[in-house]
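Student: Each chain, written out:
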Amino acid sequence: MISIALLSSSEEKRREISLLLGEIGGLVYGVDNLAGLKEVIGAQSPRIIMALEENPAFEELVREIISLFPQTPVISIISSRDAKRAVKLMLLGSEEVLSFPLSKEQLRAALNRAGKLPTASLSLVPPASLRGLYFYAFFFAALLALGLTGWMIHKHTETLRAAELSQKNSWALPYFYPSALAFDGDNAWIADWFSQSLYEHSTGSWDVKRVIHFPNEMPVSIAITPNSIWTVDASGKIVRRLKNLNLTPVEDYDQLPGTTAIAFDGLYLWTYNSASKRLSKRLTNSRLSEVASYPYPGAQATALVFIHNSLWSLDAPDREILLHDINHPDQIISKTPLPEYSNGKYAPTGLGFDGKNFWTVAQSLPAGSAKAILFRHKKPNPL
Amino acid sequence: MRKTILPRAVPARFLVVSDPSRSEDWGRLTGLSPQGALVSSLGPFKVGSRILLSWEIHGQKFELEGRVLTAKQEISGYFTSFIFFIRTPDRRKISSFLIDFLS
Chain W
556 MISIALLSSS
566 EEKRREISLL
576 LGEIGGLVYG
586 VDNLAGLKEV
596 IGAQSPRIIM
606 ALEENPAFEE
616 LVREIISLFP
626 QTPVISIISS
636 RDAKRAVKLM
646 LLGSEEVLSF
656 PLSKEQLRAA
666 LNRAGKLPTA
676 SLSLVPPASL
686 RGLYFYAFFF
696 AALLALGLTG
706 WMIHKHTETL
716 RAAELSQKNS
726 WALPYFYPSA
736 LAFDGDNAWI
746 ADWFSQSLYE
756 HSTGSWDVKR
766 VIHFPNEMPV
776 SIAITPNSIW
786 TVDASGKIVR
796 RLKNLNLTPV
806 EDYDQLPGTT
816 AIAFDGLYLW
826 TYNSASKRLS
836 KRLTNSRLSE
846 VASYPYPGAQ
856 ATALVFIHNS
866 LWSLDAPDRE
876 ILLHDINHPD
886 QIISKTPLPE
896 YSNGKYAPTG
906 LGFDGKNFWT
916 VAQSLPAGSA
926 KAILFRHKKP
936 NPL
Chain D
20 MRKTILPRAV
30 PARFLVVSDP
40 SRSEDWGRLT
50 GLSPQGALVS
60 SLGPFKVGSR
70 ILLSWEIHGQ
80 KFELEGRVLT
90 AKQEISGYFT
100 SFIFFIRTPD
110 RRKISSFLID
120 FLS
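Residue numbers (our numbering), protein chains in the order written: chain W, 556 to 938; chain D, 20 to 122.
Excised from the complex, chain D in its bound form (with noise of 0.2 Å):
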């Protein structure tokens, strides 16, 4: 199996790193893989600022850094970004997690 749904999508934290003036803001990620993950959230992030993600999923937490891709509002006034994973360790550790949790 290469994808699973999860009922709801997973509650996470958001820190803007390239903004320290920012607090902690959070969300719910809609959407991961091994590249990235995407997020809904009630504030808007800007394209190209890092992100620190922290998410707990089935007992497993995670906190990667990543890099705003795309970043758009939708009709409902969420706003849904794709953060985009820095690093090649990170994107490993999700792969790993994935094909687990996929098997």
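Only chain W is shown next, with the shape it has when bound in the complex (with noise of 0.2 Å):
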């Protein structure tokens, strides 16, 4: 029990605040005048004195308490709430400082602290309790960093993953003798001479979109024109056909023995025929007849393609693709080497070229012991 020597004239007053103060456990010793509070400390020794407000020398009474009992902690209650004057009592020295209406919560709380008020620290740093909000703010602050980062370098690895698939140059196919490659917009077209079927690839993926199966013909060459798909059969056969759902044949030709090539410039059929290592354009007539005839001037070729009136050939013993002169096939513009197949594991059967790059693909050496390669390769000059 805490005891208080509360002064007031008041009676009424005094019995009000001692009222909340006994609820809180105070034990109050009430005195109207200055003489009576020099009597109570001297005979009780309270351990805080409440000094009321009620007359405009509240001031002079404070200063007057505090120098009489300078070991008593002083509690000043005003009238009204008013900061300022709050202040200035409390650098007067009071303790604290209330105000009407009292509160028994205000009125514990200063009870509590009475004789035992905190001292101020001056400092440079930040308080101590500050300095561990620092710490769990530098520590969040750290963590937040940290998350970025991994989140960062996460981002960064699926950047390096996707740039690491967009790099990717070689696909492994599922068959393992493929013979010809041709693109057609989105997708490409691999014929697999073994299986005597065309594959239908999404150039994205190379997944297999479809397979169509070819019965009676085992295809070494294809070329694609806009509405038509052109075959060439191991035995020199050529078939035009629709590209339809299942390349229905519209037009067989007859057969060129020893052809392996082919490719369409948009108004000729061009074949190379690897026994006699001849190119020749042809009109597309019934007999695809011959309009003119060249010597192949590199080893042997074993595809042909047309990028817009340029003539390319894939020169698959030297491993090199050949750009011809349109005017005169028979001679050589450049030769572009092919270092993938450098290591002899595959040897190049097709060509094809999407727009943007040439693509190989190859069948394993010795034939069939893996499965059918695809190259992407570098853009060759002069494209």
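Treat the hints as calculated values from the structure; they're not laboratory data.
Mixed in with the good hints there might be a few duds.
Capping the alpha-carbon separation at 30 Å, the derived lysine-lysine pairs in BS3-like fashion look like this [as the list claims (entries may be wrong)]:
#1 W:K836 - W:K723
#2 W:K659 - D:K91
#3 W:K671 - D:K91
#4 W:K900 - W:K926
#5 W:K890 - D:K80
#6 W:K723 - W:K764
#7 D:K112 - W:K639
Since the model is a prediction, treat every value here as computed from it, not as a measurement.
Given two chains presented individually in distinct reference frames, assemble the corresponding complex, making use of the accompanying hints.
Tutor: Here you go:
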């Protein structure tokens, strides 16, 4: 129980405040003047003095109380909320200043702290409590930074993976004996002579979209035009097909034995005969009449490709892509080596151009020892 | 010297700028640094509220605006809040005062 000397000339106020203090465990000695206060302090040694403001000279009264009883904490109670006056009273020496209306919570807090007035720490560094806060702020900032870094690393890894994927230059194919390659928009066609089939692939994932089986043919070369797909059988038979679901044949041409590669330049069909090692320029009539013929300037062509008005061929034995002079196809303008084949594990069998890059399809060496492979090559000059 | 302890917490006035309906309050500064002030008061402050602090130390008067960063009630019933000084010039002002005061 805390003993309190309560100084107020108003008996009613003393009673009112005494009731409140009594409820929170205070033992109140009410006095109505300074002389009474001296008497109570001398006789009862209360722990706290509470002084009520009742006239304008309240500050003088507080000053006097503090000078008379410097060891006893003084709590001033002012009649109305006035922060300036409260601060002034605290500067005079009041430990706390309360104002009407009084609440039990405020009285209890003030009594709890009476005689234990906190100190003030002046420092160039933040108070200890804030340093803790700084620590947590730093900790969470570090955590956030760590998370952000992790996320950035994750994104970077993803980007690298995407870049790696985009830089991937070879794909294994689900068959073993590819013989030709041709692009048609977003799709690519690859012929497999052993399974006697054409495989349609989507160029992004290289998944097989469909397979068309030719029970009576062994495709060795293909050429694609806006409306048709041309195929060459191992016997030399050339067939023009519709680009429908089953690649329905619409025209069979005379056999051209030894033909292993074809290409269409938009007007003429170009063929290559591996036996005679000659390139032929042909009309697309029923006889595929030869308009011109040229000796092949490379070792052996396994595929022909037209890009705009330029003729390219895949010289398989020398692992090169040749650019021919269109006016003199027996002359080579440039040779592009294919270092992908330098290890001798694969032999290129088909060549295609997707609008950006050359691609070759290859069978393993020895044939059938591994799945077929597809290579993407850098764009050769002067494309 | 980087720190000193005053035997009595410094009386101060607090005006809650962000709540004009609240009359000016008072309490004591129990800590002061260039970053902010630790204050003890019978009335609570809401975290995030803007406070105008006024106090006087050794005859030098200060009136700075801050934001309540933390607020908690002590066992005694008093509320302890850290008021972060918003403006850089205010922090510089306190810093130079403290450098003089502590030297």
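Student: Does each hint hold? Answer for all of them.
Tutor: Status of the hints after comparison with the structure:
no., hint, result
1, W:K836 - W:K723, "violated (36 Å)"
2, W:K659 - D:K91, "holds (19 Å)"
3, W:K671 - D:K91, "holds (19 Å)"
4, W:K900 - W:K926, "holds (11 Å)"
5, W:K890 - D:K80, "violated (89 Å)"
6, W:K723 - W:K764, "holds (21 Å)"
7, D:K112 - W:K639, "holds (23 Å)"
Figure legend: structure checked against the earlier numbered hints; hints not met, in rising order: 1, 5.
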